[in-house]
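Enquirer: Residue numbers (this note's numbering), protein chains in the order written: chain A, 1 to 555; chain B, 1001 to 1074.
I should point out that these hints are in silico values taken from the structure, not numbers from a laboratory. All C-beta atoms, glycine included, are put in the ideal place defined by N, C-alpha and C. It cannot be assumed that every hint is accurate.
[Claimed, not checked] Here are some, though not all, of the chain A residues that point toward chain B, as calculated from beta-carbon distances under 8 Å: (1) His174; (2) Pro375; (3) Gly376; (4) Lys378; (5) Arg480; (6) Glu481; (7) Glu483; (8) Glu484; (9) Phe486; (10) Ile487; (11) Ser489; (12) Pro491; (13) Asn495; (14) Asn548.
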Amino acid sequence: MEKQRLVVIGAVAAGTKAASKAMRENPNLDVKIFTKEEHISYAGCGLPYYIGGVIKEKNELVVRTPEIFKREQDIDIFIKHEVTKIDTNAKKVYVTNIDTQEQLEYGYDKLVMATGASPIKPPLENIKLKNIFTLRSVADAFEIRDLVDAGKVQKAVVVGGGFIGLEVAENLRHRDVDVTLIELAPHVLPPFDEEIALLAQAHMQEKGVNIVTGEKVLGFEGKDEFVSKVKSTAGDFEADIVVLSIGVRPNVKLAVDADIELGTTGAIKVDEYMQTSVKDVFAVGDCAENINLVTNQPAWYPMGSTSNKTGRIAGYNVVNSDKMDSLQGVLGTTIVKLFDMNAAKTGLSERDARRAGMNIETILVPATDKAHYYPGNKAIITKLIVEKASHKILGAEIIGSGVVDKPIDIIATAMTLNAKLEDLTKLDLAYAPPFSMAMSSTIMAANVMLNKLNNKIDTITATDLQDKLKYNQVNIVDVREEEECFISSIPGSLNIPMNALERRSSELHKDKETVILVCKVGKRAFLAYLKLKQQGFENIKVLEGGINAYPYRVE
Amino acid sequence: MAEKFINARGLQCPGPIVELFKVAKAADSGDIITIEVTDCGFSKDINAWCKKTGNELVSINEIDGIIHAVIKKS
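Please model the complete structure; the sequences and the hints are all you need to start from.
Expert: So, in structure tokens, the structure goes:
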């Protein structure tokens, strides 16, 4: 019997994963992978850390080589071979050998497209100058690191404050480069809600990254073909190198030319089996569309974690067409380390949920990652977003210097299994002081959310308070000690320490809305809340997250 | 010039900063105050406190979960 032929286009994460899985399912398969790139199976997400020297060796970035694939798995990988056309009727791909310009044709029984995504390079003035980079391929990282190693980079401008941009900024700072980051949105980390993103932003600034938000890059100026200046709506910035990290777009030209349908996000439309609109053609990784598990709507998450999963499923399905595996959707769970701060997110942000017209409630709860008395415990802040009526968990964001990956993974797991808020409060999670609080941060956040939903406590978010402050509609009472307020407090707030509250509550107007501040965990504010309620105050709110999570101006 | 030591280990917010206020108030210009704290929010506080009071933060480091800060009173 003739061997079944699998052709894969693309050889980074999803393509090699699909090929490897297919080969394991059917060792008699004839598998060929074509890639126009020189490097394969590389750690794309590790590139910023190579620039910073955290990852020291070039070899560490390349997970596996074509020789290893051939020797260990009998998979043929053709590097620098560009697929130029797919004929889905004749089931053939047309390939150009980039070095020799030789034109080749290969037939397939099954085709997996893993064409990836490419960084956006907008047509700005002088964008072709040398030393203006994007960071997507291993070659980009090598070039930037070589320049830094050679001492040629004193000043850098990073355009875009998403994960890659922020990671590049951090890593360049570690190399003592003077870094300015320009972001078009009002804050960095655009997928996160404002009050979380601003905490990350403030931390980056403390660590010496000059961050400019809400401004646009207009073009570049150069000297002898090399970039020397970035022109923006916020003025000019000198730069020895520029790293553009504005975002990526799915590589879909081959699919479009072959009449393979795209989805509403612009990526290749696939069903839960990773099948495209054309029979025997699969699409995986960054070029393929995803379904958001919360909304059940198409979404696009070009991420390594999702790529590996979709690749594996397609690899299984090309062999087992009678009992296919499926992926119902993803949550878009992400995580990033920024100097000494970690930020993670899963599901919808508050902004996403409101935009989708959902009736939601949110809560922001500070806690520690270990027992508060255990040395080395660090602060983390959990924000939960739930649907008001059903108590379904819609999303979460966690930020802080402590461990955030564990709680975000707990919540992502719970959401995947359709958990409600009440389920979160009852999880039996591992506890000993070096690992967690007795009531873990996740359980605590869920309990506070339940209190809020059951009207046991009324709270206000920092963002809403900031809005109210503009119109001077609110009394802010800071119940911390005088010494703490001296260090930083919200402008216009009145300091009445907790133990003086009963005595001095007459200073407050019962008819005007009153807000109570906290220090770290909000315990004092909650106690003050109960006290004032007893005294007949109706309109009281606790500031969620207290002063520590307050990302706006303090004095 | 005197050297003063505050053991604020194990005290939770606002304990350490309140202790520091007390000792700093009684100290003379040029005095050195060393404080040891386990509360993780302290680093941020001490930086802001020094900026506001004009006292000098001579050094700050964290070893095994204990923050050691040395301050010189202005």
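Enquirer: Hint by hint, say whether it matches the structure.
Expert: These are the hints, each one checked on the structure:
Against a cut-off of 8 Å between C-beta atoms, the interface hint on His174 of chain A is violated, since the closest Cβ of chain B lies about 19 Å away. Interface hint at Pro375 of chain A: satisfied, since its Cβ lies 3 Å from the closest Cβ of chain B, which is below the 8 Å cut-off. Because the beta carbon of Gly376 of chain A sits about 3 Å from the nearest beta carbon in chain B, less than 8 Å, this interface hint is met. Against a cut-off of 8 Å between C-beta atoms, the interface hint on Lys378 of chain A holds, since the closest Cβ of chain B lies about 5 Å away.
Hint status for Arg480 of chain A: holds, given a least beta-carbon distance of 6 Å to chain B, under 8 Å. Hint status for Glu481 of chain A: holds, given a least beta-carbon distance of 5 Å to chain B, under 8 Å. Because the closest C-beta pair between Glu483 of chain A and chain B is about 4 Å apart, less than 8 Å, the hint holds. A hinted interface residue such as Glu484 of chain A counts as satisfied when its beta carbon comes closer than 8 Å to some beta carbon of chain B; here the least separation is about 5 Å, so the hint holds.
Of the supplied interface hints, the one on Phe486 of chain A holds, with its beta-carbon coming within about 7 Å of a beta-carbon of chain B, less than 8 Å. About 5 Å separates the beta-carbon of Ile487 of chain A from the nearest beta-carbon of chain B, less than 8 Å, and the hint is met. For Ser489 of chain A, the interface hint is violated, the least distance from its beta-carbon to any beta-carbon of chain B being 11 Å, above 8 Å. At a threshold of 8 Å, the smallest CB-CB gap from Pro491 of chain A to chain B is about 15 Å, leaving the interface hint violated.
Of the supplied interface hints, the one on Asn495 of chain A is violated, with its beta-carbon coming no nearer than about 12 Å to a beta-carbon of chain B, more than 8 Å. For Asn548 of chain A, the shortest C-beta to C-beta distance to chain B is roughly 6 Å, which falls under 8 Å, so the interface hint holds.
Comparing the model with each earlier hint shows violations of hints 1, 11, 12 and 13; every other hint is respected.
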